[in-house]
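J.: Chains as they are written, first to last, in the working numbering: chain A, 1 to 237; chain B, 1001 to 1419.
Everything labelled a hint here was simulated from the structure, so no lab data went into it. Watch out, some of these pointers could steer you wrong.
Unchecked claim - Each pair of labels, with its calculated beta carbon distance range:
| # | chain 1 | residue 1 | chain 2 | residue 2 | range |
| --- | --- | --- | --- | --- | --- |
| 1 | B | 1396 | A | 123 | 33 to 39 Å |
| 2 | A | 219 | B | 1397 | 50 to 56 Å |
| 3 | B | 1005 | A | 229 | 41 to 47 Å |
| 4 | A | 51 | B | 1405 | 40 to 46 Å |
Note that this is a predicted model, so its numbers are computed, not measured. C-beta atoms are modelled at their ideal positions from N, C-alpha and C, and glycine is treated no differently.
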Amino acid sequence: MFPNKAPAALADIVRMTDVRFAWPGRGAFTMAIEDFRLRTGERVLLIGPSGSGKSTFLSLLCGIVSPQAGRIDVLGTDIGALSGPARDHFRAEHFGIIFQMFNLLPYGSVLDNVILPLAFADSRRRRAGAGQSAALLLLQRLGLGPEFAGRSSTKLSVGQQQRVAAARALIGSPELIVADEPTSALDRDRQMAFLDVLFTQVREAGATLIMVSHDQSLAPRFDRVVPLAEIAREMVA
Amino acid sequence: MIVLRLALQSLANRWLTALLTVLAIAVSVVLLLGVEKVRIGARQSFADTISGTDLIIGARSGSLQLLLYSVFRIGNATNNITWASYQDIGSSPDIAWTVPLSLGDSHRGFRVLGTTPDFFVRYKYRQTHGLQFGVGQAFSDLFDAVIGADVADALHYKVGQSIIVAHGAGAVSFVEHDDKPFRVVGILAKTGTPVDRTVFVSLEAIEAIHVDWQSGARIPGQSVSAEDARKMDLRPKAITAALIGLKSKLASFRVQRAINEYRQEPLSAILPGAALQELWGLVGTAETALSAVSAMVVVTALLGMVTMILTTLNERRREMAILRSVGARPRTILGLLTAEAVVLILAGACLGVVLLYAGLLVLQPFIDRAYGLHLAIDPPGGREVLLLGSVVLAGIVAGLLPAVRAYRLSLADGMTVRV
Chain A
1 MFPNKAPAAL ADIVRMTDVR FAWPGRGAFT MAIEDFRLRT GERVLLIGPS GSGKSTFLSL
61 LCGIVSPQAG RIDVLGTDIG ALSGPARDHF RAEHFGIIFQ MFNLLPYGSV LDNVILPLAF
121 ADSRRRRAGA GQSAALLLLQ RLGLGPEFAG RSSTKLSVGQ QQRVAAARAL IGSPELIVAD
181 EPTSALDRDR QMAFLDVLFT QVREAGATLI MVSHDQSLAP RFDRVVPLAE IAREMVA
Chain B
1001 MIVLRLALQS LANRWLTALL TVLAIAVSVV LLLGVEKVRI GARQSFADTI SGTDLIIGAR
1061 SGSLQLLLYS VFRIGNATNN ITWASYQDIG SSPDIAWTVP LSLGDSHRGF RVLGTTPDFF
1121 VRYKYRQTHG LQFGVGQAFS DLFDAVIGAD VADALHYKVG QSIIVAHGAG AVSFVEHDDK
1181 PFRVVGILAK TGTPVDRTVF VSLEAIEAIH VDWQSGARIP GQSVSAEDAR KMDLRPKAIT
1241 AALIGLKSKL ASFRVQRAIN EYRQEPLSAI LPGAALQELW GLVGTAETAL SAVSAMVVVT
1301 ALLGMVTMIL TTLNERRREM AILRSVGARP RTILGLLTAE AVVLILAGAC LGVVLLYAGL
1361 LVLQPFIDRA YGLHLAIDPP GGREVLLLGS VVLAGIVAGL LPAVRAYRLS LADGMTVRV
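Work out the full structure: start from the sequences and follow the hints.
T.: Dropping the structure here:
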C-alpha cells in the first residue's frame, strides 16, 4: 500500500543512544537519554508533567536541535549528523507534527493549512498525488466535510482546528506522527472523539505515533506508556 | 508556490498596518521625487528668467551685482551709464538691439523700471516666451505705466488706476512724486520672473518726475507741474543698465571684452546665462537642505516599516514554529520576512511614483500660474531612478533587520511555541 515507505525490515523507527544535550546559552541545564526506542507501527504515550523537558525531547526527536553527544537514529538515519537544512528536509519528509493548540496559520484556508507540508517534502507530495483531493479525503475521514475546505482556519472550533492539524500531519503519509499534548485544549468527549479519528487514520497510514501528554487517563488507548523521567534525565551540571 | 502565497496572505491579514506602511513609504517617495522635480523645475525656471538677451551692461561692478539689480531688481547700482556711452555702444555694428533700463524709484515696495516699449518685445523668458499683455497695452503717453501680474494682484490694480511713484527703492517711502501721478494702461500676464513684480514707465517719465529734483530731494521753491514737464527736454542723461542683443552670438565674448575695456567710462558687460548659473550656485544650497529633509522623511518611513514588521514578529513566532515543524528552514523564514519588506517597499515606491505623476498632472498648470514654476512631466530621469533605487535598496536592507531577528528567534524557539 505504501511502496515508498522506509525499510520495512527495520524494527526500530527511532533509536536514541547516549544522547547528551544542552540548550546553548541557557545555563547548565542538560538532558541525557541513555536508550530510547520506538518500534515501527507502535503507538506510544510519553507521560511527563509540564516542565519535565518534553519540548526539549521533541525538539531532539524532530531534529530541530542536535545533541552534543550520542546518536538519534530515525528510519536508520543519524539525524544528529545531518546538516541543519538536511534535518529540516528530513523532518518535512518523515514527520507529521501536531501541536497542543494554535496549530494553523490564521490567514490560510483549511485546505492551504493541510497541504502546506507538501511544499517542503517531495516524496510526500508524490505519495499524496493530487494534494487537494488527498487533503479533502483526509478531512472527510477526520469528520470535516468539503464545506470546511475553503474556510478561514480562525473560524473553526478548537476541536476542528486539531482535526485540521491532524490532517496536515497525516497528508502524504509520513512514517512518524508526533503529537504534543494535542488534546489538552479539548473537553473529555472531544478528546476521545479526536483520539478515535487520529488512531484510525494513523493505523490506516501504517504510521508510528508518539504522543506527549501529562494526562495519565489516556494511557489505556496506547500500546505502551513511557514516563519521560524513565528515559530522560535532566541534570544540573 | 504556496509558501509565498501564504506570506502574501499573512500580509493581507494585516492589511491595515501594511497599507499604512505602504502609504507612509509612498508619501516619502512622493516627497523625495517631488523635491527633486521642484529642484529641477526651479533651477530651470531660474536659468530661464531671462533669455534672448546676449549681454547686460551696467556701471563697473561684479557680475552678480549687475545681474541682481538689472534682472532681479535686488540691490542698487553703484553708478550709472551716461546716455552718450549707451548710444555709442548701441551703434556698434555687432549689436542688433539695445533696451535701456533706468532704476531707482518704487511704488509701494515694487520697483519702477524706466525703459522703452521695446522692452516688452525684446525681453524673453523660458527660452522663447515673450511678454504678453493680460489687459491693455504698452505705455504711449508720458505718464502711462504698465504693471506686472504680481503688482496687479497684490495691489488689486486695474487698467485706469492712478498711481504715484515714490523716490527710492524702499517699501515705505516718505518722498513721493505725488505731483506727477501715473495711469496704469497695461497689465502683463504672469511670467514667474521678476517682471511680475515690476512697474514699467517710459525713460522720459523717469526724467520728467525728476526735473525739479536734485540729489534725491526736491529743489526747494522750484516746482514743475506735470503739464510743464511735458514741454521740457526729457532726453535721459543717464541710465542704470541696458539689455543688448547681438547680431551673432559668436560675437558675445568680443563685445563683452570691448565694453569691459570701454575707455570713456568704467563699464561692465555680463553674459546673463553665466551669471545666472553663478547665482544659482549661491542660492542652490537651499536645494541641498530640501533634499536632506526629504531623505530624512524616507528614513522615517523605513523605520516605520521596520517597526511594523518587528511588532508583528512576536505574535508571528507561532506562525514560524508551524512553518518550521512542516520542514521550513530558518533560511526560508528569513526569506519570507525579507520578501515581506520587499513587497511593502516596492508597493510603496510604485504607489509613490503613481501619486507623484497624478499630482503633477493635476497641479502642474496651477503651480505654473501661481508661482511661474514650470514642472516638466517627463519620465523619471537618471537621478530620480537612482533615488528610487536607493529607497528600495535601503528598504530591503532595513527589512533584513526584522528578518534576521525572526531567523534567530526561529532557531532559538525550535518547536516550542512561546506566546
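J.: Work down the list of hints and note, for each, if the structure agrees.
T.: Here is what the structure says about each hint:
no. : hint                       : verdict
1   : B/1396 x A/123: 33 to 39 Å : holds (35 Å)
2   : A/219 x B/1397: 50 to 56 Å : holds (54 Å)
3   : B/1005 x A/229: 41 to 47 Å : holds (44 Å)
4   : A/51 x B/1405: 40 to 46 Å  : violated (27 Å)
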